[in-house]
Amino acid sequence: TRWVIAADYTRDGSTLVTAGGESLLYRPGDVVVWKADGTRAGDLAGHPTAVWAVKVSKDGTLAATAGYDGLVKLWDLPARTLKADLKKHKGWVRSLDFAPDGTKLATAGEDGTVVLWNTADGKEIKTIAAHAGPVTAVAFSPDGATIATGGGDKLVKLWDAGNGTEKGKLEGHGDTLWAVAYSPDGSKLATAGADRMIKLWTTSDSKEFATLAGHKDWVTSLGFSPDGTRLATGSLDGSVKLWDVNAKGEQEGPEAAKSSVWCVTFTPDGKTMF
-4 TRWVIAADYT
6 RDGSTLVTAG
16 GESLLYRPGD
26 VVVWKADGTR
36 AGDLAGHPTA
46 VWAVKVSKDG
56 TLAATAGYDG
66 LVKLWDLPAR
76 TLKADLKKHK
86 GWVRSLDFAP
96 DGTKLATAGE
106 DGTVVLWNTA
116 DGKEIKTIAA
126 HAGPVTAVAF
136 SPDGATIATG
146 GGDKLVKLWD
156 AGNGTEKGKL
166 EGHGDTLWAV
176 AYSPDGSKLA
186 TAGADRMIKL
196 WTTSDSKEFA
206 TLAGHKDWVT
216 SLGFSPDGTR
226 LATGSLDGSV
236 KLWDVNAKGE
246 QEGPEAAKSS
256 VWCVTFTPDG
266 KTMF
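Under the working numbering, the residues of the sequence shown are numbered -4 to 269, in order.
Any given hint might turn out to be false.
[Said to hold, decoys possible] Lysine-lysine pairs mimicking DSBU-like chemistry, simulated, CA-CA at most 35 Å apart:
id, residue 1, residue 2
1, Lys253, Lys121
2, Lys266, Lys53
3, Lys30, Lys266
4, Lys85, Lys30
5, Lys83, Lys53
6, Lys162, Lys253
7, Lys253, Lys266
8, Lys78, Lys121
9, Lys85, Lys149
10, Lys78, Lys243
11, Lys266, Lys164
12, Lys253, Lys211
13, Lys243, Lys85
14, Lys121, Lys82
15, Lys78, Lys53
16, Lys266, Lys85
17, Lys243, Lys118
18, Lys118, Lys149
19, Lys83, Lys266
20, Lys118, Lys211
21, Lys211, Lys78
22, Lys83, Lys162
23, Lys30, Lys162
24, Lys162, Lys118
25, Lys82, Lys164
26, Lys243, Lys253
These are computed hints drawn from the structure, not numbers from a lab.
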């Protein structure tokens, strides 16, 4: 009966965590843990505002959630207990991601910063002044060496995950970014946003590989299939589109929804999409 804005699976596919709230903004947020068969396992309660992001660590032991008010929570997922409240951002936190080894968490804020946190003790490692305007998307590369961010300044930036220095920027989007994601093998980076475009970049040389057009409104989310051959994108136009990465072309997707699509993700076995 509430908004669902974000979701993530554990890598074994046994658990799905969904996040949202009574509204998109200030009303209480909620985080629900589900079993693979669709039954409700429990809640991660405590966000006073809508929850805009959720990620599960690769080993499934941790979950992180972020609210419209800037509060980030770190959870022991199997026990469904709170480990730490991470308080630094001033305003909306739209996106977050764990490093592949689970030792670090990156959070992206409306205040223009990306904060790196130590997941062992919940302490801040480093704050990166990332964008001139809000940081709307963040993702670690599969090897953990690079962090990609997207912002309200229409730029995608690449950062050294170790020391926080800028490694490069990708230009070409015409409006605010909403989503960034690496392919499972790390060879491609997918970016999308309010310009209704999806761009694929080759990570070895930071060159544009493809521009995928077809959505009629903001592209809010995207995700690669586990084998990296397909990309799924969701939009405020209600559609979920499937793209053949190598052919750079659209495939047949599901029938468009009657409401906005805020989140799309593949199951770890690649057979199902949420």
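How the hints compare with the structure:
no.	hint	in the structure
1	Lys253 <-> Lys121	42 Å, violated
2	Lys266 <-> Lys53	19 Å, holds
3	Lys30 <-> Lys266	17 Å, holds
4	Lys85 <-> Lys30	34 Å, holds
5	Lys83 <-> Lys53	24 Å, holds
6	Lys162 <-> Lys253	41 Å, violated
7	Lys253 <-> Lys266	24 Å, holds
8	Lys78 <-> Lys121	20 Å, holds
9	Lys85 <-> Lys149	21 Å, holds
10	Lys78 <-> Lys243	42 Å, violated
11	Lys266 <-> Lys164	34 Å, holds
12	Lys253 <-> Lys211	14 Å, holds
13	Lys243 <-> Lys85	39 Å, violated
14	Lys121 <-> Lys82	13 Å, holds
15	Lys78 <-> Lys53	17 Å, holds
16	Lys266 <-> Lys85	39 Å, violated
17	Lys243 <-> Lys118	42 Å, violated
18	Lys118 <-> Lys149	30 Å, holds
19	Lys83 <-> Lys266	38 Å, violated
20	Lys118 <-> Lys211	41 Å, violated
21	Lys211 <-> Lys78	41 Å, violated
22	Lys83 <-> Lys162	24 Å, holds
23	Lys30 <-> Lys162	40 Å, violated
24	Lys162 <-> Lys118	25 Å, holds
25	Lys82 <-> Lys164	28 Å, holds
26	Lys243 <-> Lys253	27 Å, holds
Checked against the numbered hints above, the structure breaks hints 1, 6, 10, 13, 16, 17, 19, 20, 21 and 23 and satisfies the rest.
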